[in-house]
Each structure stands twice: as structure tokens, then as C-alpha cells.
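Engineer: Model the full assembly from the supplied sequences, consistent with the hints where possible.
There are 2 protein chains.
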Amino acid sequence: MNKFGTFAAKYWSGFICNGIGHHNMIARVMCSLPNEQVTEALAKLLELKAQLGTNDGKQTFVLKTPKGTRDYNPKQMAIREKVFSTIINCFKRHGAETIDTPVFELKETLTGKYGEDSKLIYDLKDQGGELLSLRYDLTVPFARYLAMNKITNIKRYHIAKVYRRDNPAMTRGRYREFYQCDFDIAGQYDPMIPDAECLKIVHEIFSELQLGDFVIKVNDRRVLDGMFEVCGVPADKFRTICSAVDKMDKLPWEEVKNEMVAEKGLSPETADKIGEYVQLNGATELADKLLQDDKLSQSKVALEGLADMKQLFEYLTFLGVEDKVVFDLSLARGLDYYTGVIYEAVLVQNQADTQVQQIEHCEPVGVGSVAAGGRYDDLVGMFDPKNRKVPCVGVSIGIERIFSIMEQRMEASDQKVRTTETQVLVATAQKKLLEERLKLVGELWKHGIKAEITYKKNPKLLNQLQYCEETGIPLVAILGEQELQDGVVKLRVVSTREEVAVARVNLIEEIKKRSCQS
Amino acid sequence: MNKFGTFAAKYWSGFICNGIGHHNMIARVMCSLPNEQVTEALAKLLELKAQLGTNDGKQTFVLKTPKGTRDYNPKQMAIREKVFSTIINCFKRHGAETIDTPVFELKETLTGKYGEDSKLIYDLKDQGGELLSLRYDLTVPFARYLAMNKITNIKRYHIAKVYRRDNPAMTRGRYREFYQCDFDIAGQYDPMIPDAECLKIVHEIFSELQLGDFVIKVNDRRVLDGMFEVCGVPADKFRTICSAVDKMDKLPWEEVKNEMVAEKGLSPETADKIGEYVQLNGATELADKLLQDDKLSQSKVALEGLADMKQLFEYLTFLGVEDKVVFDLSLARGLDYYTGVIYEAVLVQNQADTQVQQIEHCEPVGVGSVAAGGRYDDLVGMFDPKNRKVPCVGVSIGIERIFSIMEQRMEASDQKVRTTETQVLVATAQKKLLEERLKLVGELWKHGIKAEITYKKNPKLLNQLQYCEETGIPLVAILGEQELQDGVVKLRVVSTREEVAVARVNLIEEIKKRSCQS
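These protein sequence lines map, in sequence, to chains A and B.
Here the numbering used here is used: the first residue of the first sequence is 693, the next is one more, and so on.
Here the numbering used here is used: the first residue of the second sequence is 693, the next is one more, and so on.
None of these hints come from the bench; they were simulated from the model.
The hints are all genuine.
Heads up, the list lumps identical chains together, so a pair's fine if it works in one copy or across two of them.
Under the rule of at most 30 Å between Cα atoms (straight-line distance), these lysine-lysine pairs were calculated in the DSS-like manner:
1) K1124 with K1016
2) K1138 with K1123
3) K853 with K799
4) K774 with K1142
5) K784 with K1123
6) K811 with K853
Structural biologist: What follows is the structure, given as C-alpha cells:
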């Protein structure tokens, strides 16, 4: 009976999923059957199910959003718009224009740009015509846009959703559909000036958002490549070793070393040499030290990277943001297209949180990257038929984690968030005044007042007042027979319940005055 | 040689597309071949092509956006943001909240909601996991959202891109990826009050956008259904006859009739009966007339629809927008989910344009629908396991056509559009002052001033001033050795070339003052 039991259980959930409520009857049919009649019973069951399925008529739906995605409700939208406005204001303060590109690109536009991450790209079904994929980031579409329009200089921001078939961890703000807020500077300029501005922008945004302390880690692809070279990593293993180093913010060195040796075939000696470097971090003095390093100074690319790093720290000092920036040799961003400086901002939990977590053996400090970027001087050239280069540097603010933190705070604080901006509800205490309400609310709209009415012919005053309380509408304009005769409107302040008669001709002005005060 | 010629021509373009420049050699190979050697030549050509393809090394890309889609450049974005802000302000003035949903839904969420248009849905490739489709509109995701969260009352707007594998006509603003701006009212209310507000919103938006005269056509699904019933259309042909009627704004009645009879199997008599009705339009007096109509008054649903239409016109009069609204029996929106009132706004070209067009036998007046919507009382129930209804009515503003018109106007007017908001460029006339520029621009950013610097160590003053002219930056803050010594900054007005020395401590205030004036 074991097998049959399993089958029945399976069917059971099948029936329940289909929302058909004939369990009892079927249970009676199925109990106490001798083993040999199982096949017959199965056939009957299937037949019954088919009948029920068609007779039922109504289709039943799985009511959910796709895996790794979510809706934003009005409260979440209010938070989102606040965060966006901080970020957009910062981008505009730095003189950026904005562009937009389609949500999908030709598949070949994305091919060969993301290294190991390419397997996470969403493809569209081939329905005839072009092969398309959803954009994986905003950087590759930006490079395609520059090459296609032969643009050699631009400072632009782009805020839009991108798509990755990654393992979602939604409570920590990791989604398959998520927003990126990108700021990039394209053009042939003097070294590290645009790069320093990108870091300044990260500093400004996270200072303004007040999410707590943060650190911006910086490194350089050339320093990493030079380091691998002098440590004896074969050139064809640079990228895969790079992605191992990239895990050092989550794993202890011993585990990263193990991956390099056991999985990626590096000798333990080479791994140890890398280990000495990647555990270093500091500021401009670290760049000085490494410039003197016997081994590293033998690599031309490393020297270039280190000289630029010194220059970068000098500019960051002039901009007053060097305090939050750390030169960290373990930072190794995975994407293929970076060619120079790379960076990543992480939030640092406060002392109290950290101590609790350390006791409980959780992640020590960082709650994950909230911004990242770097220099990609060759990407535009990959799209240009003549391989003309347009050097670029940029940063992407990963706002889903920021939303998560702000939402949690909002919930914890029990703060009421208004989701509309309505200034006044046009209400009546008496019946048969819909015409008057419609005329008055139309007049208010005409003068730019944000106003609502209740969609009932004869609503109760109590219900109308309650609606204001619930949604935070501060004023009610009450009409009645007497008010209409007297040419006035009773204006009620919801919070104080104070009521004054306002001459109809002065109503607009009065509402505007009171809205400014609050 | 004809066939071979065609083949060669094909190949030709193939080679050109691949960017391989060996045309002459291949041309020499191919000329003067006897007919019988064609096959051999073909093989050689293919081999040659394959070799060239691999030897070339560098991948060549087709530099384009997917069919039916486009990028928005900074100027187009400036127009887009202006239009969005007009629309969002209107939605907020009417007390709407906003939500957002994912760009894709489970495929089954969209199944069976769009009638004949379902073939235009983009599906995602099955990469394991759920079957997904790109959203076709914002209405079905909204209904799914309401059912999933058991929301029975909401007034919300949603501005987002939707996707249709339609035949694009991009010069006329018809794209495969396009924005919809939706406003919907969900809830059990008294008839036609929310419906009237939706039409008021359309009226407000198109009045504000100043795109020229417009008309809002209204009709009712129930009037259409009643009309089909009394004319003798079989019930199972209502939808397909409906979609024939829907073409009356583009085709003369005779052609529509022909579709009904020849393609859809209606008797000519039935079609003629329909023809008598669908050529009627008017206002509330037409509803009165039809309520008295011998045939139509025999249909219960038609009477309900006509009574509501009268009510609607009454409310529209109270709201002062009845002048632009026409009760048009030929309006028959294609989507399956409508249950009551339906409407569509069209722009009306001015007299002069119309006369020219009529002479040239072009489309007579409308330049196509710019907003559309209606009542869909059963859609949310389709998602609810218990079929609980949430009556809804809404409108969708189709802004791509609006963009097209505004872009064309902008180009025609030769008006300069600023794409950034930068108030001041921090510049130097002398070398080696990058440090001072960085310090000053950092100070300006700190105080919320929108400011830029040139990303060069020693830029020429002329280039810096030229950048301001090109991008419309109104002010330049010029630093030099002398200014640094004196504790001042030279503030230059780009338009007048006037320069004044401003004490460094007063600079922020001075820039703010001047920015308010302009």
C-alpha cells in the first residue's frame, strides 16, 4: 500500500490545488481497496479528475508574482520615490543628463560581456524574428548606445530595472528584477578626475540617505592582474582566480585558498603569495608601500594602477571624502569589462549590532554591497566596427538593499506614511448634494487643489470624515443646504475638529494658505 | 545567370553586413563563370566566407535596438519627463496612490484576458522554472495585484512600460515597447461617479498638454451587446463582430460590412441593421432616443447601458467636460475584459490640416487614439479563488503618440532644450589649479549647488566657456592666482559676458540669488 499511499497523497494535493472540494467522496472510494484493484481505482480516479476538471469550468490561478520579483504597494512606493529623489538630485547636482534604453537587447549585444555571470541572463522565447535577452545591467546597453550613436563624451544617469536569474534572497534585498541607478562619465579625460567624482557621488548619496556608517573599498584591475602575474598565476587563470578573491568579504582566507588550490589548480605556494597581498588594506600609504614592493614593482600594469591609486587618493582628499575610502587588495569585481579602478560601497553595522552578531557567529560587519562600479575603457570599442575606444567610468547604486533597510525601519518605527497628497475632501452632511459636490471639486481641481469626493450619491458624513482620518487628508470642505444659501463652505480641520465658515469666493485661497502651513 | 545573380546579390549584402572588405577579389572570382560551374563556385564562396569569418577574429555586432523599440536620448528624456510630470500631477490632484508590478507575470496570469490580441504577447524562454510573459498592459497585473492582496478599494496610478509583438509604426508613435500611464478606481460605488472622474482626468490632461483639439468617444459594452442581440447576431459572434465594428474609425462602413458578411458569416440584413446603429453619434439626447427605440429597448442590457450613459452625461455636465464627449455607437474596444462603459480619446487635427488631407484622400480627422479605457467589473474576480468581484474602471494614457507630436514640434520650432540643470561651471584661466577647482566645486555641491568642472588638469578657459555655451550653463566661477590671494571668485554670466568679483564667503548666496532670477 506504500506506493499507493504516495500516489494518493500526490493526487490529494493535486485536487486541493485545483480547488475542487470532493475530497470526502474520493476518500471513500479509495479506502479499503484490495491491492489488486489499485490499477482500476487509478483509472477511475483519473477519469473522475478529468470530469471534475472540465465540469468545474472556472480556471484556477496561482496568485503570485514570478520567483524573485515583487509588487510595490503604495507605502513601498512612497519610500522608493524618496530614495530615488535623493539619488536623482545628486546625479543632477553633478551635471548629468539622463537616457533610457529598451528593457531587452539583441541577445548578441549581451554575449561575451559578463564572464561567468552570462548564465544568469533571461532570454526571450524565439517567436520568430530577432533573438532577444533582458538587460543584465545598464552598463552594456549604455556602451551599445554610445557606439551606435558615435557619442564620445557624455555624463549621464540611467535609473531602470535589470534582470538576473540569480538565487533570490528577498529578505536581504536580493531580487531577480531590481533597480539600478547608474551614473557614468564617458570621454577621454585626464586620469582619475572623473573616477574621483564617482566616489564623491557615492559618498554624497550614502551620507544623505543616513543608513548608518559606510566604507568605500577601492582597488584596480591592473594591480590585481600585476599581482597575479608576479605571484605566478597563469594568464588564462586570472579571471577565475579573480572571482575566488572576490569572495574574501564572505569567506575566511583559508577557504578562498582552498578554492584556488583544490578547485582551480593553483599551487599552494602561489596561493600563499596571493594571500599575503589580498589581506592588505589601507590608503595612499599602502600604494606607496606597494610601489616599493620588490615583486609587485616588476609588473608594469601594477605600477600604472598604483600610481593612479595615489592620484585618486589625492583628489579624494581635495574633495573631502578620503575618510570613507579604503584601498583593499581583496576587492575583485567579477564582471569582465572592468579595466582600471574598481570600487564597492558597503554599509557598516553599528558597534552594538556588530557585537551581538560576532557573539552569534554571524557575518562580522558588512551587510553587503550597496554600490559598485569602476572603469571600463574597452567596452564601447567592442561595439564599434572600427574598435574606436571611448574610456568610461561609472557607478551603480543598488537600491533594493537600501529599500529593504528603509522599509524595516519604517515598520519598526510605526511611523504613518501618507501615500496620497490630497489636501481636501469635498463632503456633504445631507442627501442629494452630489451635483454640488461635483461642481465644487471640479472648481478645486481647476485651481490645482488636490481634492477628492466619496463615490456615493448620499454618503454619511461620518464615513467621509473617517476616510480623511485613515488616509491623512488634512481638510474637509463641507457643503449643506444652509451653506449653499449663504454662499459659504464649512472648512473643517481633521486633526483639531475645528470648523470655520469660509466664503465660497475665498475657499481656494484659504485651502492654499492652510496647505502651506502644514 | 539570373538565379546566380540573385544569390550573389544576397551574398554581397551578407559580406557587407559582416564588415569584410574583400569585395573586389570575390567579384573577380565570380565574373565570367560558365553556368555549369555555379555549384562549385558556391562551395568555394561558402568556404571562403567561413574562413574570413573565423580569421577575422573580432566579432561584429549589429548595432541596433530590437525591432519596434528605441533609445531615448537626453533631449527626448527632457520631453518625456515634462509629459510625465503633467500626467502624474493630474493623477495626484485626484488623490491617487501609485503601485508597481514586475515587468513579467506568470504566463497563465495573462492567458485568456485579451481575446484575439493574445498572440501579441512576448513569452520568455523556458530556462527551467516558471513560464513567464512580458506584461501586455497594466490592467491585468493590477487585477492580479488586487486579488492577491484582497484589496477591495483603491485609487491608484501606474506608469510603466508594456510589451506587444505588434507591427510597429514608429514614426506614428507605435512601438513594441511603450509606456502606459494608467489611472484606475476599484471599489463598489454608485454608478458612473468614478467613471465620470476618469473622463474628467482625460479632459484635464489633454487640455494641459495643449496638443490641439480632442474628442472623447464613449460607448457601453452592454449597449453594443444589446444592439447585436436585437439585430440577430448569434451570441458566439458578439466578440468577433465587435472587433469588426472597432475598425469603423479607419474604414468606411461598406468595408466593415463586407468583413461582417464575407469573413464572419453574418447575413447582409443583420449587418445592415447594425450599420444603422453604429453610424449614430451624439450626446445625452442620443441616449434618450435609443431608450425609445423599438428594437433596442427590448434588450435589458442595452437599457441598463443607456440609462448609465444618461447618468454619465449628467455628471460630465456638472464637471464641465461634456463639451468634448461624444456618445459614439461605433466605438467598440477590442479587449475582452470590458463590461460597461468604454471610451477613447482622439486628437482632432485643425481645420487647415484636415482640408489638405481630405483633398489628398488621407485619413479624415483623427490622428489615432491617445487615451482609452473603460469599466471591467469581472476581471479581479477571475483571479479570486472564490470569484469575489471588485468593480473597476480606469483609463490609460498612451503617451508615445504624445511624445511623437511634441518631438516633432520641438524639432520644427528649433527651440533649444537644456538636458542638464547645472547652475555653474567652476573654471580656471591658469594652469595647476585643479586642486582649487576640486575644493571649490566640492563646497558648492555640499551646499546643494548644481556644479561641474572640466575633467582636465589644465583646461583652456576658452574650452570651458564653450562648454557652457553648448550646454546652457548660465554661470562660470573663475579661479586664478589673483582671486585666490584676494579671497574672491570671478563670477561670469555666460549670456552677457559680464564678470563680477564675489567674495568667496558670499559665493553660494550669490549663485542661489542669480539662479532664482533666471
